[in-house]
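S.K.: Build the full structure now, drawing on both the sequences and the hints.
The opening residue of the sequence shown carries number 34 in our numbering; numbering runs sequentially from there.
Since the hints were derived computationally from the structure, they do not count as laboratory data.
Where hints are given, some of them may not hold.
Simulated restraints, written as ranges between beta carbons of each label pair [stated by the list, open to error]: (1) 104 / 66: 30 to 36 Å; (2) 92 / 53: 38 to 44 Å; (3) 108 / 64: 28 to 34 Å; (4) 91 / 63: 31 to 37 Å.
Using N, Cα and C, we set each Cβ at its ideal position, and we do this for glycine too.
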Amino acid sequence: ARYAQLSAGEGEGGGLPQLSMADVKKYGVAGTIAYVLTELAFWAFAFPVAATLFYNTAGHWPDLGNNVDRATVLGFVFAR
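M.R.: In structure tokens form, the structure reads like this:
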């Protein structure tokens, strides 16, 4: 029943269940570990892909000391 409420849910996510930080806290250490692993997996995939897209677009690897390059890579990460 809880899954049905979440999947019918509000917000963006394409009908997938949405979890809040309250849900993560509710699951305690296991929730925290799951959250951290999910974030690590996201960045381990997203950053190299975004950096490669930047390289293909700009012709050089991003210089993360340069605010414009950093913002462009983050734009690639969060673009839909």
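S.K.: So which of those numbered hints doesn't the model satisfy?
M.R.: 4
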